[in-house]
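First to last, the sequence lines map onto chains A and B. Residue numbers 1 to 335, in the working numbering, belong to the letters of the first sequence in order. Residue numbers 336 to 670, in the working numbering, belong to the letters of the second sequence in order.
Keep in mind the hints are simulated off the structure, nothing from the lab. A hint or two may mislead.
What the hints assert, rightly or not - Stretch-level coverage of chain B by chain A, calculated; a stretch enters the list once three of its residues show a Cβ under 8 Å from a Cβ in chain A:
no.: 1; segment: 501 to 510
no.: 2; segment: 545 to 552
no.: 3; segment: 597 to 608
Stated by the list, open to error - If you want the ones that stay clear, here's a sample from chain A, every Cβ over 12 Å from chain B, calculated:
no.: 4; residue: 73
no.: 5; residue: 237
no.: 6; residue: 270
no.: 7; residue: 328
Beta carbons are placed, not taken as given, at the ideal position from N, Cα and C, and that holds for glycine.
There are 2 protein chains.
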Amino acid sequence: MAQARPLVLTQGDPAGIGLELALTLWRDRAACRTPPFAMIASPGAVEVRARLMNLGVPVRRIADPGEAEAVFEHALPVIDHGCDADAAPGKPEPATARGTIRAIEMAVDLARSGAAGAIVTNPIAKSVLYAAGFAHPGHTEFLAALAGDPPPRPVMLIWSEMLAVVPVTIHIPLARVPAELTTRLIVETAVIVAREMRLRFGIAEPRLALAGLNPHAGEGGALGAEDAAVVAPAVEALRALGIAATGPLPADTMFHARARAGYDVALTMYHDQGLIPAKTLAFDEGVNVTLGLPFIRTSPDHGTAFDIAGKGVARPDSLLVALKLAGRLAAAGAS
Amino acid sequence: MAQARPLVLTQGDPAGIGLELALTLWRDRAACRTPPFAMIASPGAVEVRARLMNLGVPVRRIADPGEAEAVFEHALPVIDHGCDADAAPGKPEPATARGTIRAIEMAVDLARSGAAGAIVTNPIAKSVLYAAGFAHPGHTEFLAALAGDPPPRPVMLIWSEMLAVVPVTIHIPLARVPAELTTRLIVETAVIVAREMRLRFGIAEPRLALAGLNPHAGEGGALGAEDAAVVAPAVEALRALGIAATGPLPADTMFHARARAGYDVALTMYHDQGLIPAKTLAFDEGVNVTLGLPFIRTSPDHGTAFDIAGKGVARPDSLLVALKLAGRLAAAGAS
């Protein structure tokens, strides 16, 4: 197996829980088996946070992610993004926006050049960045814009050891789902999922299970027409493309253990249909993976959590799984 | 504690898995701790099925459910509904419809007279009953019609040791949910749930958690207006009625273990929002409880399963939990 290229972790909003979770996972690296990573941040701000929270973590400035693995044994390796502004835990500060953004840009540059094997992103607060002139709808769209012109279409995968699930429509009102759900949208999403399962996850013939939109997948039309009219043709089109797709399946019986053994990824037609089973099964251990980008990106499945930042109560479970999965995917891609 | 009144179990469609599951649970009564019950069926048909499947179960005809407990130690007690027609496993037979219906009618009579403490119903096939002139939309509506005139409004609770959940809208296309979901419907449903949790489940101050309709419960209106316009006023109205209701809550973070500890029953706005977590957490051990009737009714959370009837592979888990819960509720009601 080839040597895995190093992971880079962006700082996220420095008023959120990202810094303390990274510090905690370095401190507990032996017990947690934390994969080595380089954080992109202000080394000074990281040191201040470590002292403030009595975490006893030495910080070492590095220039190249390639140094991270050796340094990681003794200190938390930090790549300086050159923006000194800091924020107190729980007190978002617009002056930090430039550093938050710069960390993401540098991470993408390192990943695109091959210097980094994968990017793990800490959560940002869009409202803080918007106040500083950020003009993208969100974190993922910003990564897509940095990835190419025109930007590739990103696809959100929620992943845990229990379940991998992709919602085809995401952050829209439930009432808009039936109109926005098209055969084309399902097929385009599933094609990206199938390609990335082969490329990144090393699954030669990924099995995709597509949920029906309606209760009981429409029950032969009695409970809605879309399953036969929209979802079933997508399954047929995917099969014609050589993709092992099944469905439309009744969503309520897709997610228990025996059912999950029958597929690699579930595609759901809307947000809660996929996020409910994902977070019911693995609330603390779920991670967000962005498929469709020319690099690997994972992120913890929580936000900045300003309300608990600095209190030492935030759980690093999801960030740890995000780092571990990024490391696994980077190794698979490098092999 | 008062002596619990006996349970009666309807035969369901004799071509389905109901008979064999009842026979199996009698045979394994010691290991399964099967609560004593009287089955309402054709004693002859039950004996034939026991022999056909080599289950070695003696059948004893009884006239009064009060005899069930003593008989249950030595034989499966059966109350004869007087209709001899039989069906082979997996081969539904319209001539059996009269017995299937008669078993339900007799069970309701026994429960309403107080001779039975609770009804457990085996699954029926509506299509078989329709062919014989049955004119109700379903099993539950038939029970409601037998319960009073005008019929009481039944409310479906999906119950397991892990989660109790009530979908406010049920078997309708997803596209119709936003229009059919009204503050009044939510409040009327929740009032029945709260009353029955006190009356049947012995929970003095039931805590109800109401899901939002939209992703992230609408995220302040950005992801849909209904959570603020329809669900939140229902929560306020319930609180004004002295009911401990919370919500609208983001549905995806309501169903993990720590979240579930905060409520007794979850109310979801549509079918899959509630049935997904219920069946993800407890696929084999979930039961259906009909609230709002003047008697206790539980049923296994599966159908007739004609495709596997008679093969000895059907799992009795859900029927067992339905019997146990019925026994528990009957005992609570009698105490």
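> Taking a Cβ-to-Cβ distance below 8 Å as contact, does the segment 545 to 552 of chain B have at least three residues touching chain A?
Replying inline: Three-residue rule met by the segment 545 to 552 of chain B, so holds; n is 4.
> Are all beta-carbon distances from residue 237(A) to chain B longer than 12 Å?
Replying inline: holds (22 Å)
> Under a C-beta cut-off of less than 8 Å, do 3 or more residues of the segment 597 to 608 of chain B approach chain A closely enough to confirm the stated coverage?
Replying inline: That given contact holds, which follows from 4 residues of the segment 597 to 608 of chain B lying within Cβ reach (below 8 Å) of chain A.
> So is residue 328(A) really clear of chain B, every C-beta pair being over 12 Å apart?
Replying inline: Holds, because the least Cβ-Cβ distance between residue 328(A) and chain B comes to about 24 Å, which exceeds 12 Å.
> Three or more residues of the segment 501 to 510 of chain B near chain A by CB distance under 8 Å?
Replying inline: Since 6 is at least three, the answer is holds.
> Taking C-beta pairs only, is residue 270(A) more than 12 Å away from all of chain B?
Replying inline: violated (8 Å)
> Holds or violated: is the Cβ of residue 73(A) farther than 12 Å from all Cβ atoms of chain B?
Replying inline: The claim stands: residue 73(A) keeps its Cβ more than 12 Å from every Cβ of chain B (closest is about 35 Å).
Violated hint: 6 only; the structure is consistent with all others.
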